[in-house]
Amino acid sequence: MTDAAWTVGEVVAAGSFPIDRETLVRYAGASGDFNPIHYRDDVAQSVGLPGVLAHGMLTMGVAVQPVVERFGAAAVKQYGVRFTKPVPVPPAGGVVLDVTAKVGAVDEAAGTLRVDLTVAVDGAVVLGRAQVVVGIG
Amino acid sequence: MPSPADVLGTTYPDTEPYLVGREKVREFARAVGSTDPVSLDPAAARAAGFADVVAPPTFAVVVQERTLVQLLADDRAGIELSHVVHGEQRFVSSRPIVAGDALTARMTITSVKSLGGNAMITAESEIRDEAGEHVVTAVSTLVVRGDA
Numbered sequence: 085m086t087d088a089a090w091t092v093g094e095v096v097a098a099g100s101f102p103i104d105r106e107t108l109v110r111y112a113g114a115s116g117d118f119n120p121i122h123y124r125d126d127v128a129q130s131v132g133l134p135g136v137l138a139h140g141m142l143t144m145g146v147a148v149q150p151v152v153e154r155f156g157a158a159a160v161k162q163y164g165v166r167f168t169k170p171v172p173v174p175p176a177g178g179v180v181l182d183v184t185a186k187v188g189a190v191d192e193a194a195g196t197l198r199v200d201l202t203v204a205v206d207g208a209v210v211l212g213r214a215q216v217v218v219g220i221g
Numbered sequence: 177m178p179s180p181a182d183v184l185g186t187t188y189p190d191t192e193p194y195l196v197g198r199e200k201v202r203e204f205a206r207a208v209g210s211t212d213p214v215s216l217d218p219a220a221a222r223a224a225g226f227a228d229v230v231a232p233p234t235f236a237v238v239v240q241e242r243t244l245v246q247l248l249a250d251d252r253a254g255i256e257l258s259h260v261v262h263g264e265q266r267f268v269s270s271r272p273i274v275a276g277d278a279l280t281a282r283m284t285i286t287s288v289k290s291l292g293g294n295a296m297i298t299a300e301s302e303i304r305d306e307a308g309e310h311v312v313t314a315v316s317t318l319v320v321r322g323d324a
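Heads up: the sequence lines are chains A and B, in that order.
Numbering-wise (this note's numbering), the first sequence opens with residue 85 and increments by one.
Numbering-wise (this note's numbering), the second sequence opens with residue 177 and increments by one.
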């Protein structure tokens with residue numbers, strides 16, 4: 085990959101990831117985040133939410149997977165997001181997280197790419213300024 | 177009256193070492209939909225030059241969480257979990273986390289701002305290995321909703 089010529093704006097990875105209540109339960113166990121707003125509608129509604137939400141960190145963790153598939157987990161040097169829109173997950177069915185990853189900047193000297201993620205559910209962007217710095221050296 | 181502003185600049189004690197387990201890494205990798213063999217298959221990880229499976233990029237949150245517990249337990253700040261919304265998150269890594277690492281985290285509250293009745297708290301947790309070498313810094317901005 086070192087000899088690839090990277091173009092700003094080029095799509096380097098993309099993917100669609102279903103998220104349902106089972107996904108949330110698995111993530112709660114794997115991460116240790118047992119905030120009940122991620123598994124109980126009554127608790128979520130009592131604090132003014134429409135219902136159970138996906139963990140922000142689940143959305144963040146899934147959204148980077150196309151980049152991980154392309155460059156490898158070990159290549160990720162920095163990763164940051166803003167949680168701009170909550171992701172409600174209905175009890176039946178679920179939602180789909182659509183991710184597109186484009187080259188945002190190339191730093192040849194450092195041997196890194198900044199990859200910018202667009203992360204949306206039903207066409208609505210849910211993460212802001214989602215940027216991954218990956219090593220390409 | 178407790179206020180998040182009262183913890184600005186505080187550095188909390190190092191957390192107890194967290195031993196990164198192979199099955200925990202694999203469980204976390206599956207939970208975020210990873211298909212990367214270096215996170216799932218120890219043989220693939222070794223072939224890539226790692227001692228064991230490599231944690232996904234957001235795994236550091238598992239260790240960072242132990243520092244956020246310290247913040248929530250600090251009576252000076254008076255933060256209730258049900259009032260907390262995650263605003264931003266960032267990881268800056270020196271190297272990937274690998275199963276077998278024993279990691280400690282040290283959190284500093286680097287910014288507290290008030291914004292329309294809410295408080296925005298930025299907490300930086302430096303995560304180091306047994307040798308004291310930097311592995312990753314996890315930075316969270318939490319929005320604490322005021323009583324309304």
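Simulated from the structure, these hints should not be mistaken for lab results.
Treat each hint with caution, since some may be false.
To spell it out: a stretch of chain B is covered by chain A in this simulated footprint if at least three of its residues, at any positions, have a beta carbon under 8 angstroms from a beta carbon of chain A; those stretches are [claimed, not checked]:
(1) 221 to 230
(2) 235 to 245
(3) 265 to 274
Note that the coordinates shown come from a computational prediction; the quantities given were computed from them, not determined experimentally.
Cβ atoms here follow ideal geometry from the backbone N, Cα and C, with glycine treated the same way.
Closer than 8 angstroms, Cβ to Cβ, for at least three residues: run that test on the region 265 to 274 of chain B against chain A and report holds or violated. Held - the region 265 to 274 of chain B has 6 residues with a Cβ nearer than 8 angstroms to chain A, which meets the minimum of three.
If you look at each residue in the region 221 to 230 of chain B, do at least three have a Cβ nearer than 8 angstroms to any Cβ of chain A? holds (count 3)
Against chain A, does the region 235 to 245 of chain B show at least 3 residues with beta-carbon separation below 8 angstroms? Contact hint for the region 235 to 245 of chain B vs chain A: holds, 3 residues under 8 angstroms.
In this structure, none of the earlier numbered hints is contradicted; all agree with it.
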